[in-house]
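Colleague: Please take these sequences and the hints and turn them into a complete structure.
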Amino acid sequence: MAHSKPHPAFKVWMETEDGYVFGPGVYSLLKKVMEVGTLKEASTELGMSYRYAWGLIRKAEEKLGEPLLSAHKGGKSGGGGAELTERGKKFLIEFRNLCEQMRQVSEAPSQNIIYGTVKDVNVGVKDVDIVIRMPASRKPLFKKGDGVILRKNT
1 MAHSKPHPAF KVWMETEDGY VFGPGVYSLL KKVMEVGTLK EASTELGMSY RYAWGLIRKA
61 EEKLGEPLLS AHKGGKSGGG GAELTERGKK FLIEFRNLCE QMRQVSEAPS QNIIYGTVKD
121 VNVGVKDVDI VIRMPASRKP LFKKGDGVIL RKNT
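Per my numbering, the sequence shown starts with residue 1, numbered consecutively.
The hints are simulated quantities; they were obtained by calculation from the structure and are not laboratory data. Note that CB positions come from ideal geometry on N, CA and C, so glycine has one too. There's no promise every hint is true.
[Stated by the list, open to error] Heads up, simulated DSBU-like pairs for lysine-lysine below, C-alpha to C-alpha not over 35 Å straight-line:
no., residue 1, residue 2
1, K152, K90
2, K40, K63
3, K11, K59
4, K32, K59
5, K59, K119
6, K11, K139
7, K40, K89
8, K73, K90
9, K143, K126
10, K119, K31
11, K73, K63
12, K90, K32
13, K40, K5
14, K11, K126
15, K89, K139
16, K5, K63
17, K31, K59
18, K89, K59
19, K32, K11
20, K73, K89
21, K119, K89
22, K139, K119
23, K119, K152
24, K5, K31
25, K31, K11
26, K119, K90
[As the list claims (entries may be wrong)] Cβ-Cβ distance ranges computed for the label pairs, FRET-style:
no., residue 1, residue 2, range
27, K59, M34, 17 to 25 Å
28, P67, R133, 47 to 55 Å
29, K59, D127, 24 to 32 Å
30, V36, F10, 45 to 53 Å
31, E45, K90, 19 to 27 Å
32, D127, A71, 48 to 56 Å
Modeller: Here's what the structure looks like:
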């Protein structure tokens with residue numbers, strides 16, 4: 001049996017002090033509601049019961065203290081629907097962005113990371129020059145002109 005190479009994996013969710021609020025299930029559901037316009041159709045397309053889908057939304061809304069969906073009932077011949085509230089749209093965007101950032105971090109090769117100590121910071125009118133000291137035993141990973149992202153290690 002061939003062994004596959006291990007790779008980073010992660011799960012992303014949003015929470016408050018009270019615990020879990022929002023994860024991939026609610027994200028998928030809200031996204032689908034935006035596409036199809038009803039919670040019933042969204043839940044059907046995602047393979048979940050309407051009751052379960054409504055429960056996911058209701059629990060998230062209870063934790064947040066505000067609605068994610070605005071529903072409107074139809075008449076005898078149907079016509080009801082749902083749309084995301086501004087808060088719902090905001091959470092959809094934030095969750096998508098967070099997942100994308102995590103994906104990028106997980107795909108970044110570890111050999112492109114250096115560990116060192118900031119030796120000097122020179123603040124000029126247009127630029128800030130930062131000098132980083134690292135062990136001489138490490139080969140320089142970067143060359144002049146390379147773009148980098150610095151993160152303070154706390």
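Colleague: Run every hint past the structure and note whether it holds.
Modeller: Now for the hints, and whether the structure bears them out:
no.	hint	in the structure
1	K152 / K90	holds (28 Å)
2	K40 / K63	holds (22 Å)
3	K11 / K59	holds (19 Å)
4	K32 / K59	holds (18 Å)
5	K59 / K119	violated (49 Å)
6	K11 / K139	holds (34 Å)
7	K40 / K89	holds (19 Å)
8	K73 / K90	holds (24 Å)
9	K143 / K126	holds (21 Å)
10	K119 / K31	violated (47 Å)
11	K73 / K63	holds (24 Å)
12	K90 / K32	holds (15 Å)
13	K40 / K5	violated (41 Å)
14	K11 / K126	violated (40 Å)
15	K89 / K139	violated (46 Å)
16	K5 / K63	violated (39 Å)
17	K31 / K59	holds (17 Å)
18	K89 / K59	holds (17 Å)
19	K32 / K11	holds (20 Å)
20	K73 / K89	holds (21 Å)
21	K119 / K89	violated (44 Å)
22	K139 / K119	holds (18 Å)
23	K119 / K152	holds (13 Å)
24	K5 / K31	holds (32 Å)
25	K31 / K11	holds (18 Å)
26	K119 / K90	violated (40 Å)
27	K59 / M34: 17 to 25 Å	holds (20 Å)
28	P67 / R133: 47 to 55 Å	holds (52 Å)
29	K59 / D127: 24 to 32 Å	violated (49 Å)
30	V36 / F10: 45 to 53 Å	violated (29 Å)
31	E45 / K90: 19 to 27 Å	holds (23 Å)
32	D127 / A71: 48 to 56 Å	holds (53 Å)
Checked against the numbered hints above, the structure breaks hints 5, 10, 13, 14, 15, 16, 21, 26, 29, 30 and satisfies the rest.
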